[in-house]
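**Q** Residue numbers (the working numbering), protein chains in the order written: chain A, 1 to 405; chain B, 1 to 405; chain C, 1 to 405; chain D, 1 to 405.
All the pointers check out, no bait thrown in.
Capping the alpha-carbon separation at 27 Å, the derived lysine-lysine pairs in DSSO-like fashion look like this:
#1 A:Lys383 / B:Lys22
#2 C:Lys58 / C:Lys22
#3 B:Lys383 / D:Lys143
#4 D:Lys383 / B:Lys6
#5 B:Lys383 / A:Lys103
#6 A:Lys143 / A:Lys58
#7 D:Lys256 / C:Lys256
Far from chain B by the CB rule (all over 10 Å, computed), these chain D residues:
#8 Glu46
#9 Val85
#10 Glu225
Pairwise CB distance ranges (calculated):
#11 A:Arg158 / C:Glu229: 53 to 61 Å
#12 C:Asp205 / B:Thr154: 54 to 62 Å
#13 C:Gly113 / A:Arg73: 45 to 53 Å
If you're looking for bench data, these hints aren't it; they were derived computationally from the structure.
We treat Cβ as the ideally placed atom computed from N, Cα and C, and that holds for glycine.
Protein chains: 4
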Amino acid sequence: MGAPKKVVLAYSGGLDTSIILKWLQTEYGCEVVTFTADLGQGEELEPARAKAELLGIKPENIYIEDVREEFVRDFVFPMFRANAVYEGLYLLGTSIARPLISKRLVEIAAETGADAVAHGATGKGNDQVRFELSAYALNPDIKVIAPWREWDLTSRTRLLEFAEAHQIPIAKDKRGEAPFSVDANLLHTSSEGKVLEDPAEPAPDYVYQRTVHPEDAPDTPEHIEITFEKGDAVALNGEQLSPATLLTRLNELGGKHGCGRLDLVEGRYVGMKSRGIYETPGGTLLLEAHRGIESITLDKGAAHLKDELMPRYAELIYNGYWFSPEREMLQAAIDHSQARVNGTALLKLYKGSARCVGRWSDDTLYSEQHVTFEEDAGAYDQKDAEGFIRINALRLKLLAARNRR
Amino acid sequence: MGAPKKVVLAYSGGLDTSIILKWLQTEYGCEVVTFTADLGQGEELEPARAKAELLGIKPENIYIEDVREEFVRDFVFPMFRANAVYEGLYLLGTSIARPLISKRLVEIAAETGADAVAHGATGKGNDQVRFELSAYALNPDIKVIAPWREWDLTSRTRLLEFAEAHQIPIAKDKRGEAPFSVDANLLHTSSEGKVLEDPAEPAPDYVYQRTVHPEDAPDTPEHIEITFEKGDAVALNGEQLSPATLLTRLNELGGKHGCGRLDLVEGRYVGMKSRGIYETPGGTLLLEAHRGIESITLDKGAAHLKDELMPRYAELIYNGYWFSPEREMLQAAIDHSQARVNGTALLKLYKGSARCVGRWSDDTLYSEQHVTFEEDAGAYDQKDAEGFIRINALRLKLLAARNRR
Amino acid sequence: MGAPKKVVLAYSGGLDTSIILKWLQTEYGCEVVTFTADLGQGEELEPARAKAELLGIKPENIYIEDVREEFVRDFVFPMFRANAVYEGLYLLGTSIARPLISKRLVEIAAETGADAVAHGATGKGNDQVRFELSAYALNPDIKVIAPWREWDLTSRTRLLEFAEAHQIPIAKDKRGEAPFSVDANLLHTSSEGKVLEDPAEPAPDYVYQRTVHPEDAPDTPEHIEITFEKGDAVALNGEQLSPATLLTRLNELGGKHGCGRLDLVEGRYVGMKSRGIYETPGGTLLLEAHRGIESITLDKGAAHLKDELMPRYAELIYNGYWFSPEREMLQAAIDHSQARVNGTALLKLYKGSARCVGRWSDDTLYSEQHVTFEEDAGAYDQKDAEGFIRINALRLKLLAARNRR
Amino acid sequence: MGAPKKVVLAYSGGLDTSIILKWLQTEYGCEVVTFTADLGQGEELEPARAKAELLGIKPENIYIEDVREEFVRDFVFPMFRANAVYEGLYLLGTSIARPLISKRLVEIAAETGADAVAHGATGKGNDQVRFELSAYALNPDIKVIAPWREWDLTSRTRLLEFAEAHQIPIAKDKRGEAPFSVDANLLHTSSEGKVLEDPAEPAPDYVYQRTVHPEDAPDTPEHIEITFEKGDAVALNGEQLSPATLLTRLNELGGKHGCGRLDLVEGRYVGMKSRGIYETPGGTLLLEAHRGIESITLDKGAAHLKDELMPRYAELIYNGYWFSPEREMLQAAIDHSQARVNGTALLKLYKGSARCVGRWSDDTLYSEQHVTFEEDAGAYDQKDAEGFIRINALRLKLLAARNRR
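So here's chain A without its partners, still in its complex pose (with noise of 0.2 Å):
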């Protein structure tokens, strides 16, 4: 791989991708874009554009996007429809916002005639894996430049005199390290490291950022209503919201009442185990709605091929593969089961729980005739059963007399 020429670098803002930023123009004397994302993480865009200036971008290579109504819609909802969760737990809210990230990478490439990306992701973790998988599957002949695999900037003190060389302001508060490692975006927080790398010992009050303590969170229960249309949530309490905005409301009611926290130990992709605190109200709240939805009017063949290859849908996610065949594959089975995935879910929230209480729809299976416990006019014949069952049987009743032998 020969040095790039031009460089579309994932830039936050923040001191460590300020001082990839300058590391790239110095080290390979690379013109370099920035590309700033608003993915719903709550902090401000426009001090990136300052800082990029002020770092020798010119204007013209500046780039500052919203694209959470993108995020949610594109990838959020897709993800969603599949009630996928990572090793029986996680809602990957980092792993779905890489390949957004990258996409954009390589579209600003080709508007721009970059030939390479870069980002800031370390060589130890998951993300480094779905930025790169997902840069190559959009483009083959795209470089990426890691520069936490690359430099010799190991160590806390070696970063900030590099930073102080290269006239790279620093936040009073950044001088020291943080406690924990953080990633943020409309779906949810991750902390990680330091404080929180001993698995056994419970994370630390201070961690949780998004999500009121549950012994806090209101005494009394509120609930709402999701509406769904062909697996999406469109609306909250009755009101149309658009993705995005649906998926804000949801973080807000979800996070005060306590609810999406998770602690947990994942196995990263990369082969060691990771421990990780997880934010994600809104996401708790629309898992629990669309599997209230889909019950009512998913098929159960329909439904248990949903579930058995959620797992493998969720580590497609987790691992980076978003643009890929299986992945795409897996989406049109789940997509195609959506086509009546529509109702409204009532949820009750309280100090940290999200229960489905309730949950009706135009397109509903459930028959309350059929059910019934009192007389159903003949929907269904109880002597039926007793065929499904003989019938069913037969192959265990040749199987106990064959081992009977």
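We have chain A already, so just place chains B, C and D on it with the hints.
**A** Below, chains B, C and D alone, put in the same frame as chain A:
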């Protein structure tokens, strides 16, 4: 199928199975053996003996047994090794009890020379299937009698008339119809039917029997420690306990904190959807704790395979195939994975939620040395990640290049 | 289920379905509509018209249709996109024809105002299930009549008596019993029963009807080229052909060279095992060629996912769930994978075997530049493999270190 | 990774591994231990001893072992219990030999105090992965040296120069380049590269080494009987044989009749596609026979689960994960299913094809009584099928009714 000569009846001592008992005697003129099991449903068993005697059952034909330890050790625990949930949520509390009952029915039939077994499940539900598939799988020649599918006692009025005509005592509170139908054992209580038949309507408070309302749970969280050996819980807060005792304690703890409530619509094996309220206080804690211990002791290769196999495994149990070669094959795979699933999980219980907030094990695979953000003394070479990504990307790049053509 | 008023019967014109026709008339006093389809079974259809008229069917109630193109295009080809084989070997030739017949039965019922459909499958086989599940899935209100499960014509003698009593002409060679039972369509011929009922005994030579004995096949191999577009065969030896024409030609070629014979014991959906002799000459060539083209045009991520989904997909078709949401979901995934499955496979046919010995495509993913043992001009950096292996090994190393403890 | 002090080399005695031997000595100045295994590749092993001695290896450091029985018993047979084929066709002949070699390398390292192992696989193939993952899984501290990824002997010329410079004898026929690359063991022979690199071109006849051309095979079919116990072949034509002896005989039979040739393009784990010619004469017979016995002794619940798990299992072996918890979990499931897979399969071998044409077993599940077209004496009540179908149809009917709305 010729008429049965001697029938072993799953007998609760309640009105319905007493009517069945009498009906078997009058309809078939056959001898009846009663089997009453303590599965932890929380009812006295000795009244069943008195009632059976009153109905003319010979003392040697009355079997009353406490099977709680066997239930938890040989059925509940193996199932929890798999983290089994049906349709994403249901912990299979009713499903897992049925094979044990059938097993004892068939064994007692062999001991007493009976040629048939009988149960009190209706023709619309899953339980008939579970009872009968288990019975046939254990004895291919056994006859199974399901009175609810056969008789003409199709209304409450006719049932009561039959009872009165045959001097079956009717408790006063059984004259009217129960507002919903209940099944209970050491793992869970389920409620279905009647007032619960509209899935849009939240369940009335009085339906919940085993868990306090989260709003009424203690205002202070409680932390507990569950210790596992080879995937099975063996101790609570450091105290070694037998399987049934442990689950009983967990039920108390979970119930006290309002944990394990579930309101859902499920797809029955017989094809209709039904709405159920499930309370699984101890099981909910057990699942959370087991996942917590697995997260540090199971390699992700094993863990992900388990997650992929789980929905099928759960479906098999739900559908009544506990005694099937495919369930046993999956169990063999699951059990193989549990050899080193040892350790302790710390749970926080609070007003309806149970979260694992810490976990430790002598068999942990978590390596702080590898995952640390700090200097790792060469445990991990970040440069390796580049090759890892580039090789994994190769097929995606070839694909992208082809798709451009 | 009330008595049917008007029934659409799947009518072959043979003795058995003629008896059914008459039985429907006499048993239910209902009007009968006949549907006779040319699925490529190799029999004249017009005699069925004459016979139906003879049995009193009104001309407007006689439907005779050539559905061969629809059969191959909409049923056989979608199934072959999946490389579907049941229990490792069976190409599902009978299974795939049933949903099409049911679809037309239900459509004709709608056109003619019939309230029921009827078929001539017995109560022991899979076909009854396939016919009926398809019918119910397409019209939940349709009645289905399966005379073999209902009537008392349970011996050959009684059938013949019934035929004679109702002036149904009996061909001389139908007086005695056939030595085995046959089903045929454009995809395959199956033979079952009677002389084939001992699975230890090789099938007599005279059972095979559609393929020459390999020993009698030409002594010289023949090479053919099959061209695919989007996963479907479109040309043979460079000549564009319609689906049914193409399959017809492949049948001739395969039959001539003794290809596609199968002698197996299969597990029926209804629980018993049965032995069948299948001849699928064209389908065998098609499968081999399709796998050949996929081998160069499908990425392994897609290909392996297809392989994992296939057994389920095949089972669904075998069991009669063509018209089910889960089959459609799998089809959506499979079809998504076929967008670039274009190209030509070269097969060698010789005395019973058909092997792909060459394959090429404008959409190939095969890169001689990457795979070559020669100098590859930097297409692949072998050093990347070290990182790839080391990262993939990390979890195994952590595991090995733990297991030593 | 520091320099190795003592290395155990997988040594064939051929030119390439002799060069590696010398290179290890000169590059690292380390002591070399050679391991030469008879896996049934059909070459004399003693010349390897002489050559190793000539290259300065101490006699006690020369390990030459016949591992054929272990290979077949502990690797090939367990794999065949699963009916494993990769990408629908490949019987994994090379893949399954690698873990055994690595196991012995690691064991010999422990015996001899070596800190490293070395192999002669290139950086483009799968074998490097298989060798190294196995080694790391068995000893997490072992060093692995892969000279082809490290050295600069990147052309034939430089290799020969190195050999001459170090007095490594070069057989005359090794001066020029082989027209393709070969791997062989008791299970198969694979040929790759050079003349085979264009997948459109049929392989030249001279590539095939182990099977006669079907055109040259005997004009008379041969029938053989293979007997299985617990899923493993134990006898041929009634004669009990050890695993390796049995496979050797099957190779002779299959080879004589031209069976087991495969020409395919496969997706390598490292991401590229490669074309291979595989000859697996005995294995092809074994697979056909094993499926034949399973067809009468395995319940379809077990059989279908096996079919669904198989592609993953095969992929794991192909990718080098023999020694992984997930392969072991699958093996546990598969082995559980084989307890009653006993019986004899009759195969017909003829000019390239091997077909099972009969099978029998004391453990058969085939019940002529149930399946017969004749009177079955009440073994099966056809009326049961109606209930079976109606219950299975219920969800489809509810769905159809909903979809009409």
